[in-house]
Each structure stands twice: as structure tokens, then as C-alpha cells.
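Student: Okay, here's what each chain looks like letter by letter:
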Amino acid sequence: MNTQVKRGSEKLLAAWKARALTEESVKEIAEALDKSPAKVEGANVVGGTSATGVQVSLRYDGDDTPLCGNDILFWLKWHRIHGGAPRPPRIIINGIPFPEIIRLDLDFGHVDVQGSLVQDIAGKAGGGFAL
Amino acid sequence: MNPEESCWCGPTGIAPVLQVHPSRLCNLACAHCYTSSGPREQGELPWEILADCLNDAYKLGYRQLAVSGGEPLLYRSLVNLLSRARALGMITTVTSNGLLLSRDALQPLAPWVHFMAISIDGRPGEHDALRCRKGAFDGTVENLANLRAAGVAFGFIFTLTQHNIDSLEFVVRLAAAQGAKRVQVHPLTLHGRALKTLPGARPDGVELVAALLEASRLGDELGVPVQVDALTVEQLLEYRSHVVPERPITQLIQIAPVLVVEADGVVMPLTHEISRSLKLGSLYEARLQWLAECWLAMDQGERLADACERTWSELSANVDSPAVYWYDEVAART
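Quick mapping for you: the protein sequence lines, in order, are chains A and B. Heads up: the first sequence begins at 1 in the numbering used here, then just goes up one per residue. Heads up: the second sequence begins at 1 in the numbering used here, then just goes up one per residue.
Since the hints were derived computationally from the structure, they do not count as laboratory data. Note that the Cβ used here is the ideal one computed from N, Cα and C, for glycine as well. Fair warning: there could be bad hints in the mix.
Said to hold, decoys possible - Non-contacting residues of chain B with respect to chain A, defined by C-beta distances greater than 10 Å in every case (computed):
id: 1; residue: S36
id: 2; residue: L60
id: 3; residue: N80
id: 4; residue: D220
What the hints assert, rightly or not - Reference excerpt, derived from the structure (chain A facing chain B, CB under 7 Å, subset only):
id: 5; residue: G8
id: 6; residue: S9
id: 7; residue: D112
Please build the complete structure, drawing on both the sequences and the hints.
Tutor: What follows is the structure, given as C-alpha cells:
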């Protein structure tokens with residue numbers, strides 16, 4: 001198999017690079033937020049110079065609260081086009097049965113937390129299934 | 001050094017391991033098999049010999065029995081072996097390709113196995129290619145339901161080659177979906193059949209580091225612990241006492257936290273790949289207790305400890321090798 005000629009780490013790196021956000025995909029998010037009635041309360045770009053994801057915290061007040069559905073729809077469409085590993089949106093509704101405020105946290109792309117190298121040594125030298 | 005003391009600081013996890021290969025008979029003939037097991041390999045270690053071996057191993061301080069093979073489920077005295085180990089108070093693990101784990105096969109085993117390690121070597125096509133059997137992946141995964149039904153805890157073993165770390169994510173996701181408790185990443189060793197079929201596939205330091213990082217990422221993301229049998233140079237420097245034994249060597253578990261019993265009765269310290277000149281002997285010739293006493297009296301433990309020290313010194317001074325599979329490195333220096 002041709003793929004077996006490559007190092008596994010090279011294939012892994014290529015897959016990671018493919019996860020980087022394109023300028024176009026970021027622009028789409030910005031344009032959607034411009035159109036949205038939501039107030040952007042926070043934004044976090046994950047991945048530094050090779051960003052792989054964006055986290056945004058949105059707030060909808062009063063009559064705007066039903067419109068959060070439009071942004072969730074955009075979020076779904078965005079992932080259908082650009083891919084990623086979306087986590088479900090986190091939604092906080094303030095006011096029952098009539099919402100006064102809705103807070104919506106959306107993750108775009110890959111925002112999983114990078115693990116640090118495990119320092120524990122137990123079992124790492126090998127020899128039997130390490131329990 | 002008593003493993004029952006509060007902290008066993010050896011390299012094998014929670015306890016010194018007696019790794020038994022009772023037979024090389026296997027329903028598969030995998031390309032990477034370091035014991036060259038297969039369907040045509042007949043013969044098995046008599047139960048009586050292994051019963052004595054278990055008793056002696058326990059007295060010597062070994063507290064975990066790891067049964068491998070061949071395919072352990074083809075060993076006729078497997079239940080005897082496991083139940084004796086449990087009666088002694090040992091932890092029992094069985095490594096299997098999973099294809100024979102029917103409900104009927106599991107029923108007598110389940111009460112005696114603490115943990116089953118099931119080999120999964122990547123995506124279905126990759127797994128089947130390495131196992132040299134089309135449909136092997138599907139058959140194994142199908143049987144995981146039987147393990148769950150029997151209440152036997154299980155994990156996956158993934159053989160890391162120079163070419164497949166990108167498949168680890170698939171395996172860990174499968175583990176999370178199937179209820180596997182952990183994933184162990186074991187570097188391919190060029191021994192047995194692998195020597196002929198997979199030359200050049202042994203993972204180098206770069207692939208080992210990639211595996212460590214990927215394991216950490218996937219473990220955090222998916223909530224399944226992923227263990228790589230590899231050490232970074234930093235870990236070697238920090239944990240010297242865990243891999244290089246204190247001198248003098250007075251007990252076998254000091255220098256051999258893993259003791260391997262091969263299908264022909266030969267007992268090896270640490271790993272199959274250690275020089276045969278350092279073998280303890282054959283269980284067909286003498287009991288383990290006696291073999292251990294003679295081995296230590298002949299200063300073989302000191303020889304092996306020298307190799308460990310030499311390995312540590314060379315590796316810790318070599319910044320070109322960012323991570324290593326410790327036992328392979330020691331073996332290469334024996």
C-alpha cells in the first residue's frame with residue numbers, strides 16, 4: 001500500500017494541517033455574526049498561528065431570543081461545508097416560560113484541548129498490559 | 001523490594017509481571033507476531049509445570065499473571081492457570097486476538113480474569129492486513145459484546161509501527177464507543193515473524209514521541225486512558241531509579257520486573273529479545289525457584305543490571321533520540 005511508505009507522524013501532521021481554519025471560513029463566521037442580533041460577549045481563537053477553531057459566546061435579549069435558532073442553523077451549515085468536530089452548543093436560558101436572555105456558546109472547527117505530555121512513568125517501559 | 005509495599009516503583013505499572021506464553025498455537029498467523037505463532041504450531045506447556053511456576057513466581061514477588069501466546073483461548077488449561085493465579089492473590093490478564101471470544105468460551109473464564117487485552121491494530125483494512133485474515137476486525141469487534149455481557153473488563157492493544165500512528169485516533173474512538181477501559185500502544189519489535197515480514201517497520205524515536213503526544217491528546221479528549229510503552233529522554237533522566245535497579249541485585253524482581261515464560265519452557269528476564277545468554281533456564285529442567293537462585297548466584301542479574309546502566313547512560317546522553325522503547329534498547333545492549 002502506498003500510504004504505508006509514509007511515516008505515521010507525517011500523515012498525522014498532514015491531517016492536523018488540514019484542520020487549520022481557512023480565511024474564507026473565518027470570514028463567513030464574521031459575516032454571520034454581523035447579521036445576527038446577538039451581542040458577542042466573548043471570542044477565543046484556538047490553535048495560535050495555525051488556528052483550528054473559534055469559540056464564541058453570544059447573548060440574545062428580549063425579542064431577539066428566538067433568533068438564536070438562525071445562528072445555530074448557520075453553525076450547522078458551516079460545519080457541513082468546512083468540517084470539524086463540533087461539540088453541541090451550550091445554551092443558557094434565563095426566564096421561563098418567556099426567555100429574557102439567552103446565552104449561546106458555539107464552537108467552530110476543532111477546539112479540543114491539547115493534552116500535555118504525560119509525566120507518569122508507570123507501565124511505560126512495557127512488558128504486560130499495564131493496569 | 002516487596003511489591004505489596006505501598007508503592008511499587010518499577011516500570012510495569014502496579015506489580016511485577018509473570019508473562020506466560022503457554023503455547024504458540026494460534027488461529028491466526030499475524031505478520032507482526034514476535035513469537036511466530038500460528039495454526040501449525042503444536043505443543044503446549046504442561047499444566048503441572050506452570051502450576052509450580054506460578055507458585056514459585058508468587059514467592060519471588062510476581063503479582064500479575066499476563067497470559068499471552070499464541071492465542072491463550074486455545075490453551076486447554078487456561079482456566080486452571082488463571083484460577084490458580086487468582087487463588088494465590090495475583091492479578092490476571094489475558095491478551096487475545098478476540099476472534100474466539102464466544103459466550104460459551106467466556107463463561108468458564110470470566111470469574112478468573114481481571115482484564116482482557118484485545119488486539120486492535122487500526123482501521124478494519126489495516127487490522128486485517130496485519131492479522132493476515134480478511135474479516136478479522138469485524139469478528140473481533142462483534143465479540144466485544146460478549147465480553148460486556150460477561151462483565152469482563154477489557155482494553156485494546158495497538159501495535160505501533162513506523163507507519164500507523166495516524167490510526168490511533170480510530171482505535172481510541174472505538175475503545176470509547178465499545179466500553180474499553182484503556183488502550184495500550186505497544187511498539188512493534190522486530191522479533192519472530194516480524195523480522196521477516198515487516199523489516200523497517202519498527203517505530204523510531206520520532207514516531208514514539210508522536211505516539212506519546214497523540215495518546216495524551218486522545219486520552220484527554222475521549223476520556224479513555226491511552227498508555228504508550230515508551231519513555232522520553234526527560235522521563236529517563238527523571239525516573240532513573242524506576243528502570244535501572246539498585247545494586248547489589250539480590251532478588252529477581254529487582255532486575256526483572258517482567259519475567260517471560262516462553263512456550264518451550266525457557267524463562268527470560270524482561271523481554272523475549274534479551275540475549276539468550278541471559279536466560280534463566282528451562283522449566284523442563286528445573287523449577288523457577290531453583291532457576292532464579294542459580295541465575296542470581298551466577299551474577300547474571302548483575303550482568304543485566306550493567307546492561308540497564310549502560311542503556312540509561314547512552315540514551316540519556318543522546319539528544320537525537322527523543323523517545324525510546326526501554327526494553328528493546330536494553331535488549332540491544334545484551
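Student: The structure should be examined with respect to each hint, and the outcome stated for every one.
Tutor: Against the structure, the hints:
1. Against the 10 Å criterion, S36 of chain B stays outside the reach of chain A, whose nearest CB is about 19 Å from its own CB.
2. For L60 of chain B, the shortest C-beta to C-beta distance to chain A comes to about 16 Å, beyond the 10 Å cut-off, and the non-interface label holds.
3. A cut-off of 10 Å between C-beta atoms confirms that N80 of chain B is not in contact with chain A; the least separation is 20 Å.
4. For D220 of chain B, the shortest C-beta to C-beta distance to chain A comes to about 4 Å, within the 10 Å cut-off, and the non-interface label is violated.
5. Taken as an interface hint, G8 of chain A checks out: its beta carbon lies about 3 Å from the nearest beta carbon of chain B, inside 7 Å.
6. This hint holds: S9 of chain A has a C-beta 4 Å from the nearest C-beta of chain B, less than the 7 Å allowed.
7. At about 5 Å, the closest approach between the beta carbon of D112 of chain A and any beta carbon in chain B falls short of 7 Å, and the interface hint on this residue holds.
Hint check: a violation occurs at hint 4 only; the rest are consistent with the structure.
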